[in-house]
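**Q** Listed below, chain by chain, are the residues.
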Amino acid sequence: MSRIAATFERLKNEGRKALIPFVTAGDPRPDVTLPLMHALVEQGANIIELGMPFSDPMADGPAIQRANERALANGMSLRKTLDIVAEFRKTNQDTPVVLMGYLNPVEWMGYETFVKAAHNAGVDGLLMVDMPPEEGGGIVEHARAVGLDLIYLVTPTTTNERFDIICKRSTGWIYYVSLKGITGANTLNVDEVAERMSWIEQHTDVPVCVGFGIRDGETAARVAKVCSGVIVGSVLVNAIERLESESAVEISSQVSKLLGDMRVAMDRA
Amino acid sequence: MTTHTEDYHAHPDATGHFGPYGGRFASETLMDALDELSAMYTKLKDDPDFRRQFDKDLAQYVGRPSPLYLAERLTKNWGGADIYLKREDLNHTGAHKINNTVGQALLAKYSGKPRVIAETGAGQHGVATATVAARLGLKCVVYMGAEDVERQKLNVYRMRLLGAEVVSVTSGSRTLKDAMNEAMRDWVTNVDDTYYIIGTVAGPHPYPTLVRDFNAIIGREARRQILDQTGELPDALVACVGGGSNAIGLFWEFLNDKSVEIYGVEAGGHGLDGDDHAAPLSKGRPGVLHGNRTYIMANEDGQISATHSVSAGLDYPGVGPEHAWLKDSNRAHYVAITDDEALDAFRELTRTEGIMPALESAHAVAYAKKLAKQLGKGKRIIVNLSGRGDKDVHTVAALDGLSI
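Note that the protein sequences, when read in sequence, are chains X and L. The opening residue of the first sequence carries number 1 in my numbering; numbering runs sequentially from there. The opening residue of the second sequence carries number 1 in my numbering; numbering runs sequentially from there.
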């Protein structure tokens with residue numbers, strides 16, 4: 001069983017939901033990411049989604065765009081992102097790490113080289129924002145060979161026909177994007193998400209996690225009730241931006257505290 | 001003896017791929033809208049009413065056909081092949097860009113969406129979009145890199161006069177690629193009521209195909225015109241390539257005419273030896289950007305490079321996927337012309353023929369000068385004069401040390 005599947009199974013048995021923080025690797029500086037990942041786990045993260053910085057993050061709002069710019073300006077790269085995961089794995093063999101990003105740096109490295117390197121570093125899953133299942137042909141075989149999960153997005157505009165295709169291709173979990181738009185946009189409508197989720201969960205056994213628009217413990221708790229987990233990104237990235245000039249320890253402590261508050265709210269609900 | 005003849009008109013395939021290039025590398029939120037657009041376009045492109053409306057707009061609003069002009073004095077000065085200029089600069093709004101926006105405005109109208117958005121570099125596509133939006137009463141938002149807003153003030157004000165909102169994009173390198181990112185973000189957010197008029201033969205399928213089809217009128221006319229004027233096909237075609245819409249527009253009709261050599265001219269900037277250029281086909285490698293796989297300029301980590309060209313319209317790190325495929329299949333040759341060579345050509349054509357080309361088009365003229373000498377007298381070259389140079393007068397004056 002993959003680390004991701006094992007995580008969802010354990011949570012299910014405990015009657016808890018997955019809390020999945022997103023941070024951009026190397027934001028604001030490469031030295032911050034490793035202590036931040038450990039701190040997030042201590043504060044209740046079940047899976048870590050690590051953004052691979054890209055110069056042209058088309059699906060992201062201003063907050064995560066700036067995170068990408070900060071990371072790249074400070075020398076972050078795809079290789080260094082993998083190095084950080086490898087370092088993380090030295091002391092944490094339980095928490096799944098999923099890399100999220102855009103395809104070009106991966107194409108540049110080559111699918112096979114990248115998938116092997118990611119697997120060797122201890123990466124568990126991949127989520128490529130600009131690679132819908134139709135265009136995933138080049139990577140699927142390599143990912144399957146090493147047991148790397150491929151996570152796809154489902155959105156409010158995904159038709160039922162496409163949903164079936166995506167379900168068949170998804171391993172690990174399905175990422176439900178709760179609103180039309182870019183990261184960091186409006187606050188989501190929990191009732192709409194709940195309605196869609198009840199349809200989705202009748203049509204797949206793959207865990208479904210919800211992201212985009214989750215800003216506080218209350219929303220996280222309400223959304224978590226109707227799905228298998230929540231992804232929290234922009235609120236953490238905004239905090240990193242505010243704390244940019246602080247030490248790695250300080251950033252890790254304060255940012256992970258935000259996540260800890262959400263954990264408490266989710267577990268209490 | 002059997003000969004294998006490739007049909008260059010058989011692309012893309014049903015999923016929008018030109019060999020390994022093209023495709024639909026888009027956010028999931030846009031996939032349904034792209035499916036809808038493909039279905040609508042497939043239905044309309046052969047619909048007699050739609051064709052009639054498009055042809056009528058091209059004739060009566062754009063002013064087509066554009067002339068094919070034998071530049072006799074230029075030909076004489078260069079002492080080589082005959083130079084024919086396809087005068088897209090004489091279209092309404094001054095460039096080939098209007099062919100595509102007229103077509104896509106019709107699609108927007110059929111889609112029933114009341115709002116259109118566009119990205120623009122030099123501002124020609126933005127002006128062409130604002131123009132058709134004004135004509136159809138559509139709300140129009142144009143995204144333009146902050147650097148280009150500064151460089152192309154005239155076009156910015158033209159768009160505003162036409163009723164468009166111009167959004168200055170300050171992220172990334174603040175040029176065309178960032179404007180395209182921002183337009184994509186707008187579209188993801190407002191996909192229900194917004195039609196995205198992409199300005200070049202790039203982006204996710206079906207854009208490279210439909211932008212090509214709307215511009216293919218250039219080559220259809222040119223082929224007929226050269227046959228009328230000379231009784232023979234040309235020996236070579238030359239067009240500048242940024243995203244590549246004017247080039248594919250000229251080339252498409254001739255792709256299966258094997259005797260016709262095809263040259264796409266990229267922006268060589270300060271020279272291909274350094275990094276200051278915008279020549280992905282000459283110096284880049286395949287990757288994925290803005291919804292399609294194509295040749296791209298990026299650093300060793302796959303981060304997209306900041307490009308340079310004296311002409312804002314060529315200042316783009318990617319290129320339409322069909323060009324990538326034509327390069328690999330050796331049907332077309334891709335070469336580069338430097339800023340200085342383009343500026344010389346701009347001045348030479350202006351002084352010799354009384355035609356002031358856009359700096360983009362001047363790249364094609366500069367390469368035609370080299371090619372004319374290679375081919376020699378009696379041969380014929382068609383150069384796509386894709387736009388007029390009025391918008392570049394400030395740039396050229398600034399290089400002359402003048403402020404006007």
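Be aware that a few hints might be false.
Straight-line distance between alpha carbons at most 20 Å, and here's what the computed EDC-like set of lysine to aspartate or glutamate pairs gives [claimed, not checked]:
1. X:Lys257 / X:Glu42
2. X:Lys180 / L:Glu36
3. X:Lys180 / L:Asp192
4. L:Lys258 / L:Asp235
5. X:Lys180 / L:Asp193
6. L:Lys258 / L:Asp192
FYI, nobody ran anything at the bench for these hints, they're computed from the structure. Every value quoted in this text rests on a predicted model; they were computed, and no experiment measured them.
**Q** Hint by hint, say whether it matches the structure.
**A** Right, here's what the structure says about each hint:
This hinted pair checks out: Lys257 (chain X) and Glu42 (chain X) have alpha carbons roughly 10 Å apart, not beyond 20 Å. Using a Cα cut-off of 20 Å, the hinted pair Lys180 (chain X) and Glu36 (chain L) holds, with the two alpha carbons roughly 17 Å apart. Using a Cα cut-off of 20 Å, the hinted pair Lys180 (chain X) and Asp192 (chain L) holds, with the two alpha carbons roughly 9 Å apart. The straight-line distance between the Cα atoms of Lys258 (chain L) and Asp235 (chain L) is roughly 10 Å, inside the 20 Å bound, and the hint therefore holds.
The straight-line distance between the Cα atoms of Lys180 (chain X) and Asp193 (chain L) is roughly 12 Å, inside the 20 Å bound, and the hint therefore holds. For the proposed pair Lys258 (chain L) and Asp192 (chain L), the alpha carbon gap of about 44 Å is over 20 Å, so the pair is violated.
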